[in-house]
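Colleague: The primary structure of each chain is shown beneath.
There are 2 protein chains.
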Amino acid sequence: METKPLMKSDIQIAQEAVLKPISAIAESVGLTLDDIEQYGKYKAKLSYEAIDKLAVKQDGKVILVTSINPTPAGEGKSTVTVGLGDALNQLGKRTMIAMREPSLGPTMGIKGGATGGGYSQVLPMEDINLHFTGDIHAITSANNALSALIDNHIHQGNSLNIDARRIVWKRALDLNDRALRKVVIGLGGPVQGVPREDGFDITVASEIMAVLCLSNDLEDLKSRLAKMVVAYTYDKEPVKVEDLGVEGALALLLKDALKPNLVQTIEHSPALIHGGPFANIAHGCNSIAATKTAAKLADFVVTESGFGADLGAEKFLNIKTRASGIQPSAVVVVATIRALKMHGGAPKANLHLEDLQALEKGLENLKKHTETIEKFGLPFVVAINRFALDTDLELKFLAEWCEKQGMEVALTEVWEHGGKGGIQLAQAVLSQIEKNENNFNYLYELTDTIEEKVNSIVKNVYGGSGIEFSSKALRQMHEIEKNGWSGLPICMAKTQYSLSDNPGLLGRPSNFKIQVRELQPKLGAGFIVALTGDVMTMPGLPKKPAALEMDVDNTGKAAGLF
Amino acid sequence: METKPLMKSDIQIAQEAVLKPISAIAESVGLTLDDIEQYGKYKAKLSYEAIDKLAVKQDGKVILVTSINPTPAGEGKSTVTVGLGDALNQLGKRTMIAMREPSLGPTMGIKGGATGGGYSQVLPMEDINLHFTGDIHAITSANNALSALIDNHIHQGNSLNIDARRIVWKRALDLNDRALRKVVIGLGGPVQGVPREDGFDITVASEIMAVLCLSNDLEDLKSRLAKMVVAYTYDKEPVKVEDLGVEGALALLLKDALKPNLVQTIEHSPALIHGGPFANIAHGCNSIAATKTAAKLADFVVTESGFGADLGAEKFLNIKTRASGIQPSAVVVVATIRALKMHGGAPKANLHLEDLQALEKGLENLKKHTETIEKFGLPFVVAINRFALDTDLELKFLAEWCEKQGMEVALTEVWEHGGKGGIQLAQAVLSQIEKNENNFNYLYELTDTIEEKVNSIVKNVYGGSGIEFSSKALRQMHEIEKNGWSGLPICMAKTQYSLSDNPGLLGRPSNFKIQVRELQPKLGAGFIVALTGDVMTMPGLPKKPAALEMDVDNTGKAAGLF
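Chains as they are written, first to last, in our numbering: chain Z, 1303 to 1864; chain F, 1303 to 1864.
Check the hints yourself; a few may be wrong.
One copy or any two copies: either way a pair holds, since identical chains are not told apart in the list.
Unchecked claim - The list that follows gives simulated cross-link-like pairs (lysine-lysine, DSBU-like), each with its CA atoms no further than 35 Å apart:
| id | residue 1 | residue 2 |
| --- | --- | --- |
| 1 | Lys1322 | Lys1343 |
| 2 | Lys1677 | Lys1846 |
| 3 | Lys1484 | Lys1698 |
| 4 | Lys1784 | Lys1846 |
| 5 | Lys1846 | Lys1395 |
| 6 | Lys1484 | Lys1846 |
| 7 | Lys1355 | Lys1322 |
| 8 | Lys1737 | Lys1669 |
Read the hints as simulated data drawn from the structure, not as lab findings.
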């Protein structure tokens, strides 16, 4: 039961845990000291040689963890991911966890790391939540080196005829920094370059993050980097990285970042944590390198995708599966009674009160997400992540509701009990996989038009009634078609809080249209981003940022991470 | 002899070298596996516990390597630093090297890494020249997190009454990116923050880089961060990091970056590479943590400071010694016959031609730098880093000139022969140390006025006739005095190419004045920066950046690094 206020904090539990040397964790999955590159005592990267050697092995089964639309009440998807991995290992199933690495932006902004919670955490949580092994910094460097090379190209004569008003490549920082969303650069006269409008995205929304996560190896990475469109000429022809001739330099900057990172859970389950695109403004899945490698090293892989099934899971299933060939064998949809009550209209202050009416109404949000998973043809289990104040009546109501819907449901208490608290869920998932009723299919064909693809997501996944394209988006759609790029999948950028593009519409809204305000072709990532509603690719900080509570003592011990 | 064009390239030599595991290098200086945190197989950080344990040990002697003003002909100061360290080890002296870590900006801009050359290199050169152990990225993150927190503070109500026109804290990226020197941020309406002017410095010029390099431990680091002035209020009162309450968060972001990095030379000499401030726009010395730790682990430490003795060495001796208590036992001044001929007026295209007249004239530059070292009361040796095309007559002329001046001089061939090529230099340095004629003194007292301190550097170190302060600098001087900060040492920001502030004046210019255009108090670093001439704190890229030649193959092997 999640009862954080009365119990130890996540960081306390993490700091009391006794870790095994990462070499021992590597050994537990059949890797030698030569196969890993250690980063401190408890983190390691897998070498390319080690990954190459695994190619001949059979693939384990992939379990995808997703959730209802997140609320301020907390759902605990990462916690359940970790706990389920530990539970499967407790049941004697050789299981590995594959997750994303956290961005510094939210870590310093709003409380909430991305390393699980309670007794279901990956460790060392401080390192993973801060710089980890430097992957995101390498992406920031590559992203901004490219920007500097573009501006330098224009400054030094502009032989590619780049229209400075049509540079689509933005700079990036891995921070929440609203003041950098819209900037003017190159001011100060001829010595300082060419003035133009620019903006910064958070690094986890950079196309290079998507490229890193969707590349199967360094060669694939370099060829994806080469294809990225950075600008258009005065004749409106696309300018790609390969035209600048710097894909080699960018790939070199990413040569270590592409190697997946090995860590452990509190119970010493092996975990690969690698790549960190947000699921609202990016594709929301950890790297293909991590998921594929985990599947080679274990019989089961528990992996997550960001936010609700409308975002991360949809993109996992329509984008990541296509780029990797990975298909999940089963899906877990995480919910909490507290969050469901919020979706049903209960105010946050009243979540400790029993409220069957709000619960019933909120269950519609869960229902929509499970319908989505069914449309993808995948078996699923609903995981109810139990909190201390959930009442018996509420739990009973929920169990009966699931039974009525014919849904598998399992209570989890992984926050408090680690893997032991996830045994019921693990058994339910294993039984779904054994039934083998997997009829996976995509929700659109790549040959569909852009409009048909977006429409399929809006109708099948969001439950909306249609789309409204802005005139800018329509113009961009025309450009994309003209350039022959419309055969790519769609990466929706949408608020995580609602099935619609309006963060205020909780539960299961209906009869809404999705406003597509911009379409951005990302040829390196291999998808077209559709920006909807007011979603922003650079978050801001709250009035009281988490940074105010962060600290370190003279021995290097961290405080204030959550 | 440096004969690069006819021989293997630096990266070829580096990639053919057989490295020892970093654990073996650690063992060679008495450190156990528990004392280090490995970053891959050939890099490690020293733990705080390991450093604490060393406190009781005696300090080794520090040898400071500096040079004449750099020219496009190349001097090879890093190469001589590494070769001298190897030579001392060959002579059976327990020696460690302490150097700065390279910035990505120049690595991707102009050819020339900072890891030595030929057979006198620190390894793995690709990693050290790229992201290394992430120290500089941690500084970039802390620097920009602080910027985001300042702008957020203003956006969220500005309770500290910060005048957005008087924010002195700039953003930073570790790249050469001229277009970011002067920018306007916060555009786009109320949701995107408060519009204001800003700019980016290269990270190695960030005050946080100086703080990291001048801190004696984490506690010192945090208290220095707290003191940094970021802005002024509408009442012109300084606003410090401690007023924002985020020194804990910044220190947490730097908790691993403060640990020195252990690597090895081609000959397996141990080297600590840590901190990387430029010597023209920052204080130009590796970290106190690295130099002090090296002095505890070895009997001799060979360390360098950036560019000529007018920049890095002056700051080492006036700033770093004060913050650390470290005093060099001897100084090495590196020159090449090629570079001296350039200082004497020979054009770059003619450097292969014998030219005793140019050599004689160029020797005045060397003479000035040795006079500076004498003023500091330190014994020195001139190291002539030999190139293949240096003629016998030129070498003879130089030897006689040094004899006439009463200077110790040694030829080195460390590029071609590694430590063996530095034996003569090592013996000369040891003999200087044995003579024990060290009368070290500062060139100014902290209680001198700002004008007196700058004047002392200009007259004693640059050989100039005086200073001209801009009206802005005078106003800032007045503010600094009013705030009671004038007791700090001075960190001059000046072109590296000339003793004057005009990069075109080679050799030994005289009768020049130094234009001080700005004075910036850096309370965390503990110095006042004096910006002179046109020196810029964010470099630009050349027409053909080195990035165009950088590449990586599918196994992760780097190419195009120099």
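Colleague: Indicate, hint by hint, whether the structure satisfies it.
Modeller: Against the structure, the hints:
1. Lys1322 to Lys1343: both (9 Å within a copy, 19 Å between copies)
2. Lys1677 to Lys1846: neither (42 Å within a copy, 53 Å between copies)
3. Lys1484 to Lys1698: neither (51 Å within a copy, 62 Å between copies)
4. Lys1784 to Lys1846: For Lys1784 and Lys1846, the Cα distance is within 35 Å only across copies (33 Å; inside one copy 47 Å).
5. Lys1846 to Lys1395: Neither: 44 Å inside a chain and 55 Å across chains, both beyond 35 Å.
6. Lys1484 to Lys1846: both (23 Å within a copy, 29 Å between copies)
7. Lys1355 to Lys1322: So Lys1355 and Lys1322 pass the 35 Å test inside a copy (25 Å) and across (24 Å) alike.
8. Lys1737 to Lys1669: within (22 Å within a copy, 86 Å between copies)
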